[in-house]
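Please put together the full structure from these sequences, using the hints given.
Residue 100 in our numbering sits at position 100 of the sequence shown, with consecutive numbering throughout.
You may find that some hints are simply not true.
[To be verified] Across the chosen pairs, the derived CB separations fall in these ranges:
| # | residue 1 | residue 2 | range |
| --- | --- | --- | --- |
| 1 | 110 | 85 | 21 to 27 Å |
| 2 | 172 | 22 | 28 to 34 Å |
| 3 | 111 | 147 | 50 to 56 Å |
| 4 | 172 | 140 | 33 to 39 Å |
| 5 | 22 | 175 | 21 to 27 Å |
Calculated directly from the structure, the hints in this document are not laboratory data. Glycine is no exception: its CB is placed at the ideal position from the N, C-alpha and C atoms.
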Amino acid sequence: DCRQRFRAVLVEATVKLDEQVKKIGRAVDDSKPYWEARKVARQVNTQTHTHTFAGESWSHWGRQTAQVEAQKATQEFQRAVEFLRAAKETIALAEERLLEEDSRQFDSAWQEMLNHATQRVMGAEQERTRSEAEHKKTAASYNSCITHMKQLEKKLKRSINKSRSVRFVSSSLNVSLSFPP
1 DCRQRFRAVL
11 VEATVKLDEQ
21 VKKIGRAVDD
31 SKPYWEARKV
41 ARQVNTQTHT
51 HTFAGESWSH
61 WGRQTAQVEA
71 QKATQEFQRA
81 VEFLRAAKET
91 IALAEERLLE
101 EDSRQFDSAW
111 QEMLNHATQR
121 VMGAEQERTR
131 SEAEHKKTAA
141 SYNSCITHMK
151 QLEKKLKRSI
161 NKSRSVRFVS
171 SSLNVSLSFP
181 P
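Quick look at the structure:
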């Protein structure tokens, strides 16, 4: 019963889309590079892959939006910077306390504590460097995708406007086919 209903909806959707495509004509095919670029600009994964579409090469990312991925990278970088600042402050305070108290000696406990704090600083610096590079990479990819999309939008403006109704019908039908009523 569910399969028959699904098939009926699928056939109905296909007929509606075919009617829209016939009505609009070539604009649907002409605007395809824009819609693909828009889709890519909204998608991001942790690894970039280079794709060629419509004769042009550009970076493609996977699941989450590029903007969200760039925001996550920014937050990671800010956390790393804060952790580095705190680790450096810990060392500075420990050295200050050691120098303040004349009776305190630089024993193995102080040596151990300073070594641990120094290791934390070095780890925090590495994390900051890594997160900074990741942030730059995600921001560059996002900007590249957006730039490519805007170039296509400018180039294919008329076709995009004509094909917008087909995209709307297609996406609404995809939603209705994806989720049972």
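- Task: Starting from the hint 33 to 39 Å, judge whether the C-beta atoms of residue 172 and residue 140 obey it.
- Result: Between residue 172 and residue 140, where Cβ atoms are some 34 Å apart, the hint holds.
- Cβ distance range 50 to 56 Å for residue 111 and residue 147, holds or violated: At 54 Å between Cβs, range holds.
- For residue 22 and residue 175, compare the CB-CB distance with the range 21 to 27 Å and indicate the outcome. holds (23 Å)
- Query: Should the hint that residue 110 and residue 85 are 21 to 27 Å apart at their CB atoms be regarded as holding?
  - Reply: holds (22 Å)
- Item | Range hint 28 to 34 Å (beta carbons of residue 172 and residue 22) holds or violated | Taking Cβ atoms as reference, residue 172 and residue 22 lie about 19 Å apart, which means the hint is violated.
Checked against the numbered hints given earlier, the structure breaks only hint 2 and satisfies all the rest.
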